[in-house]
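Trainee: Quick note, the sequences are listed as chains A and B, same order. Numbered according to this note's numbering, the first sequence terminates at residue 382, and the numbering increases by one at each position without gaps. Numbered according to this note's numbering, the second sequence terminates at residue 382, and the numbering increases by one at each position without gaps.
The set of hints was computed from the structure by calculation and includes no laboratory data. Check before you lean on any hint, since a few could be wrong.
[To be verified] Below, a sample of chain B positions facing chain A; criterion: calculated Cβ distance under 10 Å:
id	residue
1	Gly-117
2	Val-154
3	Ile-325
4	Leu-326
5	Trp-352
6	Val-355
7	Lys-379
[What the hints assert, rightly or not] No farther apart than 25 Å at their CA atoms in a straight line, the calculated lysine to any residue pairs in the SDA-like style are these:
id	chain 1	residue 1	chain 2	residue 2
8	A	Lys-141	B	Gln-291
9	A	Lys-139	A	Thr-201
10	B	Lys-164	A	Lys-111
11	A	Lys-73	B	Phe-75
12	A	Lys-164	B	Ser-66
13	A	Lys-111	B	Glu-52
14	A	Lys-139	B	Ser-66
Backbone N, C-alpha and C define an ideal beta-carbon position, used for all residues, glycine too.
Protein chains: 2
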Amino acid sequence: SRRKLMEEVSGVAELVRELQDSASSLISKTFNEEQALRQRTLTLDSNIKKLRSSIDSAVKKSLLDPKEAEKLGEELDRARCILTDGDASFFLPSKAKGTFLKMFLGPVNVRANGKDVQLKVKEEYNSYRDRTAFMFLLFPSILLFLRSWFWNGCLPTLPVQLYQAWLLFLYTSLALRENILRVNGSDIRPWWIYHHYCAMAMALISLTWEIKGQPDCAEKQRGINLFLQWAIMQGVAMLLQNRYQRQRLYTRIALGKARRMDVVWGETAGVEGQLWLLCPILFILQGFEAYVGSLLLRTALVGVVSEWQVVVCGILLILMAVGNFANTVQTLMAKSRV
Amino acid sequence: SRRKLMEEVSGVAELVRELQDSASSLISKTFNEEQALRQRTLTLDSNIKKLRSSIDSAVKKSLLDPKEAEKLGEELDRARCILTDGDASFFLPSKAKGTFLKMFLGPVNVRANGKDVQLKVKEEYNSYRDRTAFMFLLFPSILLFLRSWFWNGCLPTLPVQLYQAWLLFLYTSLALRENILRVNGSDIRPWWIYHHYCAMAMALISLTWEIKGQPDCAEKQRGINLFLQWAIMQGVAMLLQNRYQRQRLYTRIALGKARRMDVVWGETAGVEGQLWLLCPILFILQGFEAYVGSLLLRTALVGVVSEWQVVVCGILLILMAVGNFANTVQTLMAKSRV
Ligand SMILES: CC(C)(COP(=O)(O)OP(=O)(O)OC[C@H]1O[C@@H](n2cnc3c(N)ncnc32)[C@H](O)[C@@H]1OP(=O)(O)O)[C@@H](O)C(=O)NCCC(=O)NCCS
Ligand SMILES: CC(C)(COP(=O)(O)OP(=O)(O)OC[C@H]1O[C@@H](n2cnc3c(N)ncnc32)[C@H](O)[C@@H]1OP(=O)(O)O)[C@@H](O)C(=O)NCCC(=O)NCCS
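Next comes chain A alone, as it looks inside the complex:
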């Protein structure tokens, strides 16, 4: 048995050395093959761009019929779609990671390796937003309920601050996740991310904002009350938005499995109806957001509360409302154009 043990130990040591060799050769082989594909992808990408401008100039010089040019253009679009949406997309340089992610995470790579993993990240993001929307409804509702029924119309400091701390965490994590989605090829408009930066700033500022108690609570806490009501409405909108966006994702997955290159043209099919229901609600919400912002500004200017926090929060709310409105309209316009 002693002899056998010694043999086994040296056998294992030998196997480990072999494994180490296979592992390092696999890693370097994969690296080289990926490098080659990366080169091919980049070359093709630039060739497509060059061809596009040749076609344009050929049309201008009347060497090419506009009809034909359009057909060629479509073929190029289709080719580019395969490039950016298919497996080759991993070998295209990813969107720059952005300062926000670098600030929080450092230089680590957050790109998912594989279309399936990317979709999983996206789905998880959607279900995270669902859970969030639920809390978004629950948290302020409980606060407002307790305020009328137990706290005699006067919110105590601690629960409100807990809520604000939760908001800060929530917006930070949403901003991080959306930046990660962007690196993974999502077409999310930058504004929706900036919007969460503004919301982070607002949550942080509201934490430093002293919540005044008796006497005259109702007067002093008007800003917070409005804010909580707006939060409840936002919860409802988020739920609807999530429903729409999840369905949109499923449509894309389904289409992607069938004919990946057609995704860009047909993707909204089947959920357009929902979009027309969602948008009026979004617009109402954005209007209310601006209204809450202006009320905050007014309380500060009239002089009931004169802290700088109130002014800044008011300005931020109005800024977010305007930006949300502009970007929703732009999205709708882009969709109806196609």
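Given the coordinates of chain A, assemble chain B with the ligands onto it according to the supplied hints.
Mentor: Frame of chain A; chain B with the ligands shown alone:
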């Protein structure tokens, strides 16, 4: 030219399709090969464990000489080291990602693919800590300086809150980065991460803590003053700690390049001297940390300031001091034992 354009377009389209095929076959081939290596790695890992216990039981049954057993044990250690520190380590299951990372980032993969990238992440973390330590010295120094020379001994609210917000961001990003290092195979003790969770909580709480002004500023702001002084000292300690840890990393890289498997035994060589200089400073700092904590508790109990924030911050500081002390001692003991 028209004919040529059309040919070029269909040529590109053809190339794109070929590229897509190569890309997807490379991805699936790599996946399969990795899967096979993963299996081999897991098997070897469990074989090593089994052999270890066979050796132990053989010694107990006197079938094996303890001297020989030790030699076999060392050979197994060496094998395991190659497994966990070499290229095969990527095929071992990584340390669980932990709730903190999942909460902030979702299910995305933050494991660096390649030993070099891992080292880069680690180096970037070190230089981030350097920049941080610099701010850690600068920020509170400026506040204390302005307080004595311009603000008549009375800190205004806004700059202090800016500082606290910066602390919150800083500790959050450190906690995220350390969790990422852990996933990438760092042996960092969990306590140093928990320590940053506590610090995050403290920064958040201190944001909600109203900073009282005139009259009697000096009395009311004693807690904050002490805290700022402690922060300056922490900056000094961080700089020293970084110097030591960076040198340690370089030693490891240098050793790793020569004989990777010896890293574990010889890694502290060359920096031990610095460790014995660093530790007394760390202990003094930890003592001061506990002292600041107890002063905060006392002010709260005596009744000068009676907000709950003061009590909780005091308790957190004492908790961190005790934990830091215990973990530093344990690290030193582990090092001297080897
Ligand atoms: C208008 C709206 C419904 C359009 O959604 P859409 O059809 O998905 O928009 P797009 O086609 O431009 O989407 C492109 C990408 O951005 C993402 N996206 C769009 N709006 C987003 C938002 N508000 N937050 C996060 N991601 C968003 C989509 O999921 C999609 O991702 P993908 O490329 O990974 O699939 C959506 O932008 C929206 O709900 N906006 C209003 C938000 C708002 O105002 N909220 C606060 C009210 S006070
Ligand atoms: C005691 C001390 C110097 C030991 O450092 P060390 O020799 O690197 O310790 P270890 O050998 O246990 O390190 C294991 C790993 O944890 C990391 N690590 C150790 N202490 C760390 C800390 N405080 N923060 C972050 N990472 C740390 C090391 O870099 C190493 O990482 P690696 O495996 O990726 O190379 C260090 O832990 C320390 O400075 N602690 C005191 C911190 C403190 O009390 N600060 C506040 C004072 S109030």
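Trainee: Run every hint past the structure and note whether it holds.
Mentor: How the hints compare with the structure:
{"no.": "1", "hint": "Gly-117", "result": "9 Å, holds"}
{"no.": "2", "hint": "Val-154", "result": "5 Å, holds"}
{"no.": "3", "hint": "Ile-325", "result": "27 Å, violated"}
{"no.": "4", "hint": "Leu-326", "result": "25 Å, violated"}
{"no.": "5", "hint": "Trp-352", "result": "8 Å, holds"}
{"no.": "6", "hint": "Val-355", "result": "13 Å, violated"}
{"no.": "7", "hint": "Lys-379", "result": "27 Å, violated"}
{"no.": "8", "hint": "A/Lys-141 <-> B/Gln-291", "result": "29 Å, violated"}
{"no.": "9", "hint": "A/Lys-139 <-> A/Thr-201", "result": "43 Å, violated"}
{"no.": "10", "hint": "B/Lys-164 <-> A/Lys-111", "result": "53 Å, violated"}
{"no.": "11", "hint": "A/Lys-73 <-> B/Phe-75", "result": "13 Å, holds"}
{"no.": "12", "hint": "A/Lys-164 <-> B/Ser-66", "result": "24 Å, holds"}
{"no.": "13", "hint": "A/Lys-111 <-> B/Glu-52", "result": "18 Å, holds"}
{"no.": "14", "hint": "A/Lys-139 <-> B/Ser-66", "result": "23 Å, holds"}
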